[in-house]
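Novice: Take a look at the letters that make up each chain.
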Amino acid sequence: MKLSAQGLVKVFPGVRALDGATLEVRPGSVHALLGENGAGKSTLVKILTGVYRPDDGHISIDGADVAFTGPLDALRAGIGVVHQERNLVPAFTVAENIMLHRLPNRLGLVRRRRIRAEARRCLDLLDLDLDPDTPVGELSVAQAQLVEIAKALSVDSRLLLLDEPTASLTGDEADRLYAIVRTLTTTGHSVVLVSHKLEEVFAVADTVTVLRDGRSVAEARPLADYTRDTIVDLMVGRAHAALTLGTRRVAPDATPALELRGVSTDRGHRDISLAVAPGEILGLYGLVGAGRTELAKALLGLDRITSGEVRVKGAPARIRSVGEALRRYRVGYVPENRKEEGLFLEQTIARNVGVTVWRRLARLGLLRDRAERDLVAEYVDKLGIRAASPRQLAGRLSGGNQQKVSLAKWLAADCDILVIDEPTVGIDVRTKAAFHELIAGLAEEGMAILLISSDLPEVVTLADRIAVIGDFALRGELVNDHDYDRMSQAVIRLIHATPKAAA
Amino acid sequence: MTAAVAPSRAGGGARRIVRAPEFTLVCLALTGFVALSIATHGNLLQGGTLGAFFRFLAVPIVIGLSQMVVLAIGQMNLSVGVLTGFCAMAGAWLMIAQGWPAPVAVTASLLLGAVVGAVNGLLVVLTRINAFIVTLATMTIVDGLRYGVHGPDTFQGYSPGLVDLGRAAALGLPVIFLIAVVVAVAVGLFFARTVAGRHLLASGGNPFSARLSGVSNDRSIVLAHTISGLLAGVAAVLTLALSGSVNASVGDDLLLRSFAAPIIGGVALAGGVVAVFGTCLAAFLVRLVDVAQAQFNLGQSWVDLIVGAVVLGAVLVGAVRQKLTRSRK
Amino acid sequence: MNRLGRAGNAPPPSSDAQASGPAPDPAPPAGRVGRMPVWANPRIGLLAVLVVLIVLFTSLRPTFLDTRLTLVPLQSDVSVYLVVGLSQLAVLSLGHMNMAVPRIAAISAFAAGLLYDKTGAPLPLDLLAGLATGAALGALAGLVIARTGVNSFVVTLAMDFALVGLVSLLYSHFTQGVAFARQPAGMASLGADTMADYCTGDVCGPPIPLLVPFAVVALLVVGLVFRWSRIGREILMTGSNQKAAELSGIPVQARIIQAHALSGALAAFAGFLLAAENGAFSASVGGQFLLPSFLAPVLGGTLLAGGAVSVLGTLLGAGITQVIYKGLNLLQFQINQLQLYIGLVLLAALSLDRARHVLAERRGVRA
Amino acid sequence: VSVTGCSKKSDATASSTTMKPAQVKVALVPGGSHPYFQPWKTAGTRAKTDFGLGDVTFNENSGWDQTKQNNVLTSLAAQGYNTFGVFGVAPENINTTFGSLKRQRFHVASLGSCPAGSADDADFCLATDVQQAAYKAAQAAINAMGGKGNLVHLTGNKTDSNTQRRMAGVQQAVAETHGQVKLVETRTDIDTDLQTAQKAVADLIAAKGTQLSGIVNTAYNPAVASAAAVKHAHLPIKVVAIDDDPTVLADIRDGSVAATVVQNPVGQAYVGSYALMKLSTGCTMKQPGLTIDSGSFVVDKKNAGSYDTQRQATTKTLKSDFDAKYLNCRAK
Ligand SMILES: Nc1ncnc2c1ncn2[C@@H]1O[C@H](COP(=O)(O)OP(=O)(O)OP(=O)(O)O)[C@@H](O)[C@H]1O
Ligand SMILES: Nc1ncnc2c1ncn2[C@@H]1O[C@H](COP(=O)(O)OP(=O)(O)OP(=O)(O)O)[C@@H](O)[C@H]1O
Ligand SMILES: [Mg+2]
Ligand SMILES: [Mg+2]
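Here the protein sequences line up with chains A, B, C and D, keeping their order.
If you're matching positions, the first sequence starts at 1 in our numbering and goes up one per residue.
If you're matching positions, the second sequence starts at 1001 in our numbering and goes up one per residue.
If you're matching positions, the third sequence starts at 2001 in our numbering and goes up one per residue.
If you're matching positions, the fourth sequence starts at 3001 in our numbering and goes up one per residue.
Simulated from the structure, these hints should not be mistaken for laboratory data.
Treat the hints loosely; a few may be bogus.
[Claimed, not checked] BS3-like cross-link-like pairs, simulated, lysine-lysine; straight-line CA separation at most 30 Å:
1. A:LYS382 <-> A:LYS313
2. A:LYS382 <-> C:LYS2243
3. D:LYS3008 <-> D:LYS3136
4. A:LYS382 <-> A:LYS197
5. D:LYS3319 <-> D:LYS3048
6. D:LYS3020 <-> D:LYS3041
7. C:LYS2243 <-> A:LYS339
8. A:LYS297 <-> C:LYS2243
9. D:LYS3041 <-> D:LYS3316
10. A:LYS313 <-> C:LYS2118
11. D:LYS3102 <-> D:LYS3068
12. A:LYS382 <-> A:LYS339
13. D:LYS3008 <-> C:LYS2118
Because the structure is a prediction, the values reported are computed rather than measured.
Taking the hints into account, I'd like the entire structure generated from these sequences.
Specialist: Below, the structure written as structure tokens:
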């Protein structure tokens, strides 16, 4: 399908998200849509799928002008989509979520068997071994994301829009997705791919459009014309310096800031021992579902530790809540699931960032806005959060900026130990680099950081040591020598090792 | 795929039953019923007592479902109680003052309920005012209308046939209760099996994603309110048959109960969830207390105190049980 | 909870919607940043509705502006129902409900009456006893909710049931039936007098009932709590996203208990004011509080979903309801018409506010 | 409440101004809507023409809420009504309301229900002596039961002092049988609505229908409900109802209700309006706050057609009693 969108404008209160953006997609191509956080990519995707109506501009499909009045129109026109945010009905089963837009029925009665069968077919496309009858609410983030993709595939679409489809997927799963994408293009389907993972983009896309501040700066050019660096320059609007992170020196005999000794948990972790020293970054790598998030939560008292010991700064610690972790042990936790756990979407950015420091700012239990505002302004500035004002609601931010707010809250809290879970999911390259710099900087200042990430390049860039978790047990630990190829091979070997074989 | 994802469904049927949200309620209902039967030396199981028990269970079930349908889309309908009274008064007026035959008047009552419900829904959709406020406004309006039908006076002797139906029994159970059961099954099927019902639940569970799947949330809202009104109409007809006399006070006891049944039955105020069986069980439980009161000559004050304590106890037990099953998982 | 109803609505009004001063704009995004015009403020819409109603009723019945017979009683009623509304608002901030407002009011009034009856303690002490009782009951409900995670509706409804029984048992045990025979000194004046009844020399106060300053204090305290206090803000954050609040180090259980305790104390305060207005600590105090308790805050723009409250809106909500009621009473409708018109006027008034809102949205978008 | 330097204005209890009957505007305000008050409307209209009053209005908007009733009263006052016949929603608080009306120099009659306790801040109270009426009702039930057996009392809101008086009346009648009749149960709080009453009665009859010989009702909805339930259960239970709305009278005629205790709302409104007019035109109560029984009558099948004559006679006597005994009028 040939898609052409010209001069699209979309204004939100206080923000001009799109300002004359143009997108041309050839039939049978994989078209990359790139840009910084807040450049307007998701807004464009939402306009193309009828979620928003553009304030100006027009869209044509195969030469005919179209005006979508709602998502259904777009579905009917053969446009399938995976939005950046999960959009599933938690109480419904996987099968029903996949088929929701066209529930097979006879005389208004739902035909459950058909639903299950068709859903099964879509899941099989992705090689997904999921029971179609599981309620979506019980799935992990990654599983839910795969269900979203299955759902998009179930639309008999001629155009597939993928907004950050792999943000919470492992390499394997992403590879499988891209294999399907390639098969689709051979049969004349077109795909628009939004991603911050430039490696993937270069591997699968043919053409590219770069958005900057709501305008298209490179329109439908072959991707081969660019290199990674030139693309990034286009996105950012100026030449940017490549990031070089110095390695930190950690005294080998330093008392670990945070130490786990043979920890087992309610969730099924077995005998896990880890230690992070002040000024050190310990990468915690594993496949999705390996149990890293759960380990972090048990550490913070949200799940029960059944045996073993947690020590903070050399002394045994019994942490029962995040509040206690923060105040008594100065441990912070940036959760992976920003929408559900990290942010207060209906509150202002200022409140979101300020929440961890109110205790410090309050005089006689009362807070002055000025103090909060100054503090928030500092972090908005530091992290480059793009917002109309600190009084904007967090829910109205672009995905990447939301992630920044989620981190800013914990930076403001001024902890000694920070557990960061998937910090750069859905973050553009420049910001990602800034994030990395920031995290490295924090460690340099003496903070102990436990970095949970499924992004191997990220772990290799940042971590001093890499612990690999598989199936709720420690598979092994490696000292990072920052050589990506060597490290990635070592990590993969560990993952596929049996727990016992690991040292 | 990844090794970790192997949800242990091995426990199978038995465990799933124990984990079902209705399990506590079933246990409570059974225990309560058996205990009351023993304590009354079997009096509860005698024809008359059992008949009265189930006859007066019909309206609470239907009115609970009426509220549940709106709770399913995350809204509330404060007008269910007075609407029931209004439909009942209108039905009686049609039969007595207009001389309409009972079947026609009954149909008119049902339609009236559905129409008022649809108006509620349309007002919510068109004005985008919170459904709580909209139905509060329509509640006062319908309250005025209910009074307007016959002032504070009582209608009696409108239809011997209808009242006989209200006292008739089939399969050892009052017909009126069986009607309520049929209605409950129909509501259950609607939500489980029809496209409209699934769409309605999707709108309640996640309006935005429902919209992305082409579901019209506005249509879901209007539909839910219409069904809610229709069920209030059903409750009105049941009341007409059940009581033999109606006046403008009919329905005043229903508002709080309409919320209590579904919410105790496991329906979330946030929407997206229905629990037909749970709602029926909760109504059953409340009814048990009524009967206990009559059997043991309890003062109303003590009964209120006990109901409050029992419900609080039940929620505590439920919470503890849930915690236990979760930690075992 | 009203998610669908909210779908088309404005950003939820939060108590800091009027935060002062232009905010720094560190990373100016593409496009201009529009400041919200004054008339786009939801509170202004309600204020306009209130003014329109007053003008309407005054033109129909000039006695609407009669000080002694209309304005003074109106102020007393608004005062009582403002506090009733605030009591519900305290838990709406969490996205919870307090179905026990009526009976917490009743039992707290009982506690105040009992203290006076048994010890002859002066009015302020009786008030404190009532407030403490209310706060304790609220805290109890909050404790159960926080610990079990059971829906607040169920817990407080059950509590209300338990208290209904308790109120009538207590009154029949401690009094000759349904009310205390003697009331503390000053209670009658508190309920009936206006500031105009007190003079220094020739200068008398304005015709404002003595109840009004009490309600104003409640308004200020609640406003202070949710606008400036850390605890209040943390309660709002808990209401906004409990999971995130917990993961941000907020002691959510404590906040839930505190919000419910505040609600209980305010319910008790409302019960006290009503008892003063009506002249006795009796079992019927609070019996009619449930619906008005929701009406004022929800009308004023507080969401049932939690996370945002509007204290001033609650005042306007209480004002609008009482004005409608007073105005329609002056028009001498019979009961069925009265009910009809209350509903219709309410819908019409809100639609007026909606029109403002739609306009604001459109302007906001095209600004 | 006193502030230093401030002093409270003394209540000027100056004598009320004297009016002509045509200036007297009477507002009859019941506690809420109820069949019992319906005769007030016609009685008020009749009083208006008979006594040449300026106006008589009837307003049942109080909705059984004391705050709302106060609101209704001040609204009516603002509309120019200057005398009030009030059925107080809350007998325990109503004196406050009366007091504030009196302070504004309005004449107030407590109609249909008297304030709780001994004091009455209204000019007078013209009401059914509820304890006496309940006593009579219970006696009627005991008679119908043949002087022995089990009796049940069904009534309204327990936290209402009138209910307390009714319970006392029934207990008194039962006590006088010296154990022949047993009051097995008193069910309160079932007058809120018809369904609640019906359910309670159905459960009661299911639980102990066979042991009961009589039900005495002192509230409306339970009366309607128990009449219907007993009729359909075909049990030999004697039901005594309250008031005389068409439903109850029909039940008396077909025998499903043994008797009913009828009150005198017409007399309350008619004579009440008359006395209020007299007070406004210069008379005073000899004994302010006097309580006067407006009468209650036991009606059964025998006198179902004729009781109204008796009631009208009582009304007449009431009116002349005001002139002769209760009022102090300066000669014109
Ligand atoms: N509903 C909304 N209301 C107000 N502003 C919005 C809304 N949605 C998006 N925006 C703003 O529009 C701009 C573009 O956002 P968009 O989500 O399209 O960015 P994006 O390119 O997808 O970024 P990311 O890579 O972080 O996902 C941002 O400044 C964002 O804050
Ligand atoms: N609702 C649920 N019910 C049962 N098991 C679950 C549920 N959610 C997650 N799990 C299980 O918990 C484990 C950990 O899940 P999760 O995916 O969060 O782990 P993780 O290591 O943090 O991975 P990642 O952070 O990459 O998502 C998995 O084995 C998953 O199957
Ligand atoms: Mg995006
Ligand atoms: Mg994780």
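Novice: Give a verdict on every hint.
Specialist: Quick rundown of the hints versus the structure:
1. Of the pairs offered as hints, the one joining LYS382 (chain A) and LYS313 (chain A) holds, with about 29 Å between alpha carbons and a cut-off of 30 Å not exceeded.
2. Our distance criterion of 30 Å between C-alpha atoms is met by LYS382 (chain A) and LYS2243 (chain C), whose separation comes to about 27 Å.
3. Taking the CA atoms of LYS3008 (chain D) and LYS3136 (chain D), the gap is near 49 Å; set against the 30 Å cutoff, the hint is violated.
4. A C-alpha spacing of about 23 Å is found between LYS382 (chain A) and LYS197 (chain A), which places the hinted pair at or below 30 Å, so the restraint holds.
5. The hinted pair formed by LYS3319 (chain D) and LYS3048 (chain D) meets the criterion: a straight-line CA distance of about 15 Å does not exceed 30 Å.
6. This hinted pair checks out: LYS3020 (chain D) and LYS3041 (chain D) have alpha carbons roughly 23 Å apart, not beyond 30 Å.
7. Of the pairs offered as hints, the one joining LYS2243 (chain C) and LYS339 (chain A) holds, with about 10 Å between alpha carbons and a cut-off of 30 Å not exceeded.
8. Proximity of LYS297 (chain A) to LYS2243 (chain C) is assessed by CA-CA distance (about 12 Å); at most 30 Å being required, the pair is judged to hold.
9. Straight-line distance between C-alpha atoms of LYS3041 (chain D) and LYS3316 (chain D) comes to about 18 Å, which keeps the hinted pair within the 30 Å bound.
10. For the suggested pair LYS313 (chain A) and LYS2118 (chain C), the alpha carbons sit about 58 Å apart, so the restraint of at most 30 Å is broken.
11. Using a Cα cut-off of 30 Å, the hinted pair LYS3102 (chain D) and LYS3068 (chain D) holds, with the two alpha carbons roughly 19 Å apart.
12. Only pairs whose Cα atoms come within 30 Å are accepted, and LYS382 (chain A) paired with LYS339 (chain A) is accepted, the gap being roughly 22 Å.
13. Among the hinted pairs, LYS3008 (chain D) with LYS2118 (chain C) is consistent with the structure: their alpha-carbon atoms are about 29 Å apart, no more than 30 Å.
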